[in-house]
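Under our numbering, the first residue of the sequence shown carries the number 26, and numbering increases by one thereafter.
One or more hints might be untrue.
Derived DMTMM-like pairs (lysine to aspartate or glutamate); straight-line CA-CA distance at most 20 Å [said to hold, decoys possible]:
id, residue 1, residue 2
1, K158, E110
2, K96, D86
3, K158, D203
Label pairs and their computed distance ranges (CB to CB) [unchecked claim]:
id, residue 1, residue 2, range
4, S215, T146, 19 to 27 Å
5, L140, V214, 22 to 30 Å
6, Q100, E223, 47 to 55 Å
7, L191, S215, 20 to 28 Å
8, G225, V173, 26 to 34 Å
9, R118, S199, 25 to 33 Å
10, V33, G210, 54 to 62 Å
11, E223, R108, 33 to 41 Å
12, D86, R106, 24 to 32 Å
13, Q83, K49, 13 to 21 Å
14, A73, Y177, 53 to 61 Å
15, D193, S35, 30 to 38 Å
16, A224, H144, 25 to 33 Å
If you are wondering where the hints come from, they were derived from the structure by calculation, not from laboratory data.
None of these values were measured; they are calculated from a predicted model.
Glycine residues also receive a C-beta, built at the ideal position from the N, C-alpha and C atoms.
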Amino acid sequence: RILDLENVGSFICEHYRVREYIPKQILLSFPLPEEEMAALSACLSERAGHRTVVRTPQRGDARQLCLMAEKDAAQHRENQRRREEGDMKVLVRLASLLELETVPERIEVYDISNLGAEHITAGMIVAENGRFKKSDYRYFKIRSVTGVPDDYASMREVILRRIAHLEDTSGSYSIRPDLILLDGGRGHVSVVREALREAG
Numbered sequence: 026r027i028l029d030l031e032n033v034g035s036f037i038c039e040h041y042r043v044r045e046y047i048p049k050q051i052l053l054s055f056p057l058p059e060e061e062m063a064a065l066s067a068c069l070s071e072r073a074g075h076r077t078v079v080r081t082p083q084r085g086d087a088r089q090l091c092l093m094a095e096k097d098a099a100q101h102r103e104n105q106r107r108r109e110e111g112d113m114k115v116l117v118r119l120a121s122l123l124e125l126e127t128v129p130e131r132i133e134v135y136d137i138s139n140l141g142a143e144h145i146t147a148g149m150i151v152a153e154n155g156r157f158k159k160s161d162y163r164y165f166k167i168r169s170v171t172g173v174p175d176d177y178a179s180m181r182e183v184i185l186r187r188i189a190h191l192e193d194t195s196g197s198y199s200i201r202p203d204l205i206l207l208d209g210g211r212g213h214v215s216v217v218r219e220a221l222r223e224a225g
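With the sequences and hints as input, model every part of the structure.
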């Protein structure tokens with residue numbers, strides 16, 4: 026266990042700053058200097074509007090509770106490590122199957138949806154390091170296609186709009202995808218390749 030005791034007080038303060046409820050007692054499984062415990066208790070008491078005590082129990086049920094929390098955290102960390110290891114194996118296999126030069130860290134998937142000629146939309150879903158990243162999902166209303174639905178022209182518009190945002194200096198749009206997947210066939214791939222070539 027690696028613990029940066031210098032920053033743990035700041036971390037606890039920040040953690041409870043955004044919480045509506047601050048308990049009357051916060052138990053730590055590790056000791057902090059007495060003056061830091063007192064300062065932390067004072068800070069949290071002021072925010073809570075009631076007395077909050079931060080302490081490190083040495084025995085009894087409170088100590089057992091701390092040990093149980095430590096064990097649960099260690100188990101959670103191990104589970105997360107295994108998941109990440111499994112995700113990486115999947116990405117390595119995908120890179121091998123598709124004969125990619127590198128393991129794709131960011132994958133973007135595009136699909137066109139036609140609800141009549143007037144309602145053509147596209148969806149983009151994103152995976153980063155083998156995990157879906159819902160905060161980066163996007164929905165596009167197709168502007169350039171009117172009248173008869175045209176999947177190829179719609180896909181071209183979406184990709185060009187997406188690529189134009191690589192210039193943005195902030196946000197997820199500035200991240201270049203390592204792999205683009207399309208719901209379609211060879212025609213869609215051909216159109217997107219040409220659009221990417223045009224965009225440089």
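Tested hints:
{"no.": "1", "hint": "K158 to E110", "result": "holds (18 Å)"}
{"no.": "2", "hint": "K96 to D86", "result": "holds (15 Å)"}
{"no.": "3", "hint": "K158 to D203", "result": "holds (15 Å)"}
{"no.": "4", "hint": "S215 to T146: 19 to 27 Å", "result": "holds (22 Å)"}
{"no.": "5", "hint": "L140 to V214: 22 to 30 Å", "result": "holds (24 Å)"}
{"no.": "6", "hint": "Q100 to E223: 47 to 55 Å", "result": "holds (51 Å)"}
{"no.": "7", "hint": "L191 to S215: 20 to 28 Å", "result": "holds (22 Å)"}
{"no.": "8", "hint": "G225 to V173: 26 to 34 Å", "result": "holds (30 Å)"}
{"no.": "9", "hint": "R118 to S199: 25 to 33 Å", "result": "holds (28 Å)"}
{"no.": "10", "hint": "V33 to G210: 54 to 62 Å", "result": "holds (55 Å)"}
{"no.": "11", "hint": "E223 to R108: 33 to 41 Å", "result": "holds (39 Å)"}
{"no.": "12", "hint": "D86 to R106: 24 to 32 Å", "result": "holds (30 Å)"}
{"no.": "13", "hint": "Q83 to K49: 13 to 21 Å", "result": "holds (20 Å)"}
{"no.": "14", "hint": "A73 to Y177: 53 to 61 Å", "result": "holds (60 Å)"}
{"no.": "15", "hint": "D193 to S35: 30 to 38 Å", "result": "holds (32 Å)"}
{"no.": "16", "hint": "A224 to H144: 25 to 33 Å", "result": "holds (26 Å)"}
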